[in-house]
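Got chain F; can you put chain U on it based on the hints?
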Amino acid sequence: MKIIEKALKEKRTSLSEYEAKQILASYQIPVAREILVDDVKNLMNAAEEIGYPLVLKGCSPDIAHKTEKGLIRVDIRNFKEAGEAFEEVMTAMDGSQKAVLVQEMVKGERELVIGLTRDPQFGPCVMFGLGGIFTEILKDISFRVAPLEKRDALEMMREIKSRKILESVRGMPAVDLDMLADILINVGRIGLENEAVKEIDINPVIISGNKPVAVDALMVLEERKA
Amino acid sequence: MRKKAENMKVLFNPASAAVVGASDKPDKLGFHVMKSLISGGFAGRIIPVNPNSDEIMGLKAFPSLADYNEPIDLAILVLPAKLIPGVFRECAARGVKGIVLITAGFKEIDDPGGADLHEEIAGIANDAGIPVIGPNTFGMINFHTNLNASFTPEFSRLMKGSVALVSQSGGISHLLGFLAMRMDVGFSKIIGLGNRLNVDFDQMVDYLMGDPDTRVIMLYMEGVDNPVRLLETAKKHHGKKPIIINKTGSSAKGDQASRSHTGSMAGRHEIYMGSFSQAGMLAVDHTEALLDTARAFASCPLPDGPGVAVLSGQAGPGMAACDVCEARGLKIVQFTEKTQQKINENLPPLALRTNPVDMGPAWYDASAIEKIAKAAMEDDHVDGILFMMVFASANVDALKGIRGLLEDWAQRKPLISCILSPPGVWDEQIKALEQSGSLINYPTPERAANAMANLWEYKKMQTR
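In the order they appear, the protein sequences are chains F and U. Counting in my numbering, the first sequence runs from 1 upward without gaps. Counting in my numbering, the second sequence runs from 227 upward without gaps.
Everything labelled a hint here was simulated from the structure, so no lab data went into it. Treat the hints with care, as some may be off.
[As the list claims (entries may be wrong)] Below, simulated BS3-like cross-link-like pairs (lysine-lysine); rule was C-alpha separation at most 25 Å, straight line:
| # | chain 1 | residue 1 | chain 2 | residue 2 |
| --- | --- | --- | --- | --- |
| 1 | F | Lys150 | U | Lys639 |
| 2 | U | Lys462 | F | Lys150 |
| 3 | F | Lys164 | U | Lys685 |
| 4 | F | Lys164 | U | Lys557 |
| 5 | F | Lys164 | U | Lys686 |
| 6 | U | Lys230 | U | Lys467 |
| 7 | F | Lys41 | F | Lys98 |
| 8 | F | Lys161 | U | Lys686 |
| 9 | U | Lys685 | U | Lys639 |
| 10 | U | Lys467 | F | Lys150 |
| 11 | U | Lys462 | U | Lys230 |
| 12 | U | Lys564 | U | Lys639 |
| 13 | U | Lys685 | F | Lys150 |
Keep in mind it's a predicted model, so treat the numbers as computed, not measured.
In isolation and in its complexed conformation, chain U is listed as follows:
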């Protein structure tokens, strides 16, 4: 067990990676894995293994792992299932530290032979202390070492960052990856657990808690054999790094044959949800919320309380944000007298001047906006700020006007925004502010408010 945990570090940070089943034919997965490693910029040695080629993508190929004499840290396997036990034995003999097993056709298939193969290779890997990602996975990516050990080279286009994704579904991993590219979310690692030969959610959480590149952990789960192990692992690391989890299966029915109400209403989903909260993990109910929440965790401090100031360039988006706040347990606080006075001095009585603040009438006066916003942000009753601003031709310079304020603020209290313009108008400015860590922006007021609500939800779990 200990050896496996030690080897896990090498699995994600190998000095060399062999691709067994490497190919230069695009209709083979071995082609795409090679492309991922090379175009992803992996700095270590890449060793293609294929008995039928001397050279693949300009690299010398070897007939088998045994024919390569230098150490091999990571082996990525893209071969038919029946060949895998033999290759596992070679890996054990060669002292390979980690395996990514892309091949499918083990426990997950109807043929009972699949389960037998599964047991056989699990035995070999466990005896040798080799952690295995997969089988039946697209692979894994460690962005900070440019290691793309997957069959999707395009994953390397993701920004480097501090969010890790551990997923039981290849489809959802790709979906979240591509969505993250569009939302500029930075990743540390993506791990496709596949059919979990000997690496499951609990081991990944254990590893990522100690991973310096990871600050936020996202889990996408369908179902596991032993959920209690994950709960215990999460509890052990309580408060260290946030874990956000999305579990599908809410449509599954309870035990219909049960004789008690409790038994018939106990869908697995309800129990899973209760147990996640017991273990201090934040459950969200859809994939988009997973990314939205992870971004907020990666960019904001946690609020000290539920008090929110809603500062809005127009009344409508502010109202939409307030509705979500109310429903999610955040409080639209009353400002202190001092704050209210400052706002009244700078905002003509043409719109809402209490919380939510409609700053519309002050748009042409950047210094007024700055004074209003700053007073509200610094108010003692305010634990977090929701900032809404929608483009209008007349306020085109407004974002420029508050840039200094946002940069000075530097997320002293969490500030989450919904600033939106037609494509191309404010996008670059928003991106720059996000990259400097002064802003975290969402496309709708509801998503911004939900992100804030999730920060508070998590904070409550930590301090209970």
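Same shape as in the complex, but just chain F:
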């Protein structure tokens, strides 16, 4: 992957959210529509193209947990709001490679987490669980060692305590489990095919309608000695 090689050459240990999602997309993982901008003119074009309401996020390889750092503005309804949010986020960031990600606001009540960790004994392992703010609090998660077969992926979904969230609940449709299974399988493939990827967090994966969409992503790198 060119993105990973470039980052390693720059001695970086993680990818920006935008870069991470490009890799996800290249593995057929559905990601939120987004455009990276670094000035107001491009912001205008991007906002037009994506359409309101929007989400603006500070984007740089140096930032991992954006919520804690106040670098996310949601539900932006018009260009005036977008402009203000852009200035605030740009000012709040330090570092050289700063930019702002203009993203569609994916709507959905259900948030999941999908991740990958490279274990010294097992190799790449895929995680599935309840996402958003509940990930750390409830730790309702399940692991499998890559490569995953479809049945492994489906079992992971059945294994979490909050599995009912995937069913048809409170007027929301049942989640497309096949699509979710494919995402889990492909996250495992990213780990198997890219030695330098140490960890991945896709959190949240928001269920929009019945389809999962990767809304935020973090990819941690580690140069492997041959």
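Below, chain U alone, put in the same frame as chain F:
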């Protein structure tokens, strides 16, 4: 490698066993190993080796392995660590097929000299193709050949059966062994892996899958260097014999320094658990569940589905069983109309007549009980039966009344019970029914229901 696998068969079925470091002083482990072999009834030749004695426990002793001219299949070593490399070379020269290395003081000690010794003897054993159980183990027992190659003679009191235990802990092996004696669980083999010189979980699973005496494999694991090898071995034998595994270490923390949520939440335990299920092994979370589940596997067929009938002599124990069933994914099914009609004909409307069935009001009529139970057991919706009955002075003959039914049923569908009386009242009857293969009994409704749930869990793994 191939030679080592071939030699493994001889290791467990030797025609002769030498005890190097044999002793007749009870403060030496060599004394207890000799006692295990002799009192365990090993039919092969026993060869005590000790340079300072002519005779040990009435058997002629030899100064060294080299002084004994006949073939030696198995060598059990109970000597200080520093003498072990020399004895390993003698074993290789004498064509010994297997070694049980009880001695401690190798890789597991702080002194780096231990690791060096470990490497040295591993080299000798691997070159000669000798499988080694240990070091730092209590030994191993093959119950079907009366071979007790351990320092605990009392292991020989265990019943012969079809459950094998492979354990990384000597303490847990003893605990499970003694618990099994109290629970009448029959064993085929117990193997204390100790510090795994060249025999690890994967090789044992490979061997036991081909062992005709073993039907169920229990693993007790603390941690291994290469878990992937075990997973691959288990996958290779998928569906052949159930593997039940208990792994400690759930309290270990994830990587706290990790920058991602995934990394910080990935405790080794969560990954181990996921991988076990991927490999088709049934993980249980405590030692008692290991035995409870193994007993059920050894005595019952697997249920075809999650549907359970709960037949209870009293309402309470039935309810307790139902709670576990619900929580563990079993279904308390609705009976077919035909079944329900038969139950209603034989049970007055004084108690629960749907599932769970409270058979209390029919206790004095053995034929009514038999008709009720049989109708429920034969119901098409029912895949497994949980049978609860607690003693009361007035129902003392109830167990006798259903004996014929249980014997005729002969585990056609899995039937798991919790039948309990004060000590001595029903114990012998229960034991006889268990030995005839018609019953598998647990002391609480929860344990009975969990055993059924584990059968179903495993069945799902096989058919996925």
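So, going through the hints one by one against the coordinates:
Of the supplied pair hints, the one linking F:Lys150 and U:Lys639 is violated, its CA atoms being roughly 31 Å apart against a limit of 25 Å. Proposed proximity of U:Lys462 and F:Lys150 is supported: the alpha carbons are some 19 Å apart, at most 25 Å. Our distance criterion of 25 Å between C-alpha atoms is met by F:Lys164 and U:Lys685, whose separation comes to about 23 Å. For the proposed pair F:Lys164 and U:Lys557, the alpha carbon gap of about 17 Å is at most 25 Å, so the pair holds.
Between F:Lys164 and U:Lys686, the direct Cα distance comes to roughly 20 Å. Compliance with the 25 Å bound is thereby established for this hinted pair. Between U:Lys230 and U:Lys467 the alpha-carbon distance is near 23 Å, which keeps this suggested pair within the 25 Å criterion. Only pairs whose Cα atoms come within 25 Å are accepted, and F:Lys41 paired with F:Lys98 is accepted, the gap being roughly 16 Å. The straight-line distance between the Cα atoms of F:Lys161 and U:Lys686 is roughly 18 Å, inside the 25 Å bound, and the hint therefore holds.
Proposed proximity of U:Lys685 and U:Lys639 is supported: the alpha carbons are some 13 Å apart, at most 25 Å. Simply put, U:Lys467 and F:Lys150 have alpha-carbon atoms about 24 Å apart, close enough for the 25 Å limit, and the pair holds. Annotation: proposed proximity of U:Lys462 to U:Lys230 holds, straight-line Cα distance about 19 Å (limit 25 Å). Distance restraint check for U:Lys564 and U:Lys639: the Cα-Cα separation of roughly 19 Å lies within the 25 Å cut-off, and the hinted pair is therefore satisfied.
Taking the CA atoms of U:Lys685 and F:Lys150, the gap is about 18 Å. The hint holds against a cut of 25 Å.
Checked against the numbered hints above, the structure breaks only hint 1 and satisfies the rest.
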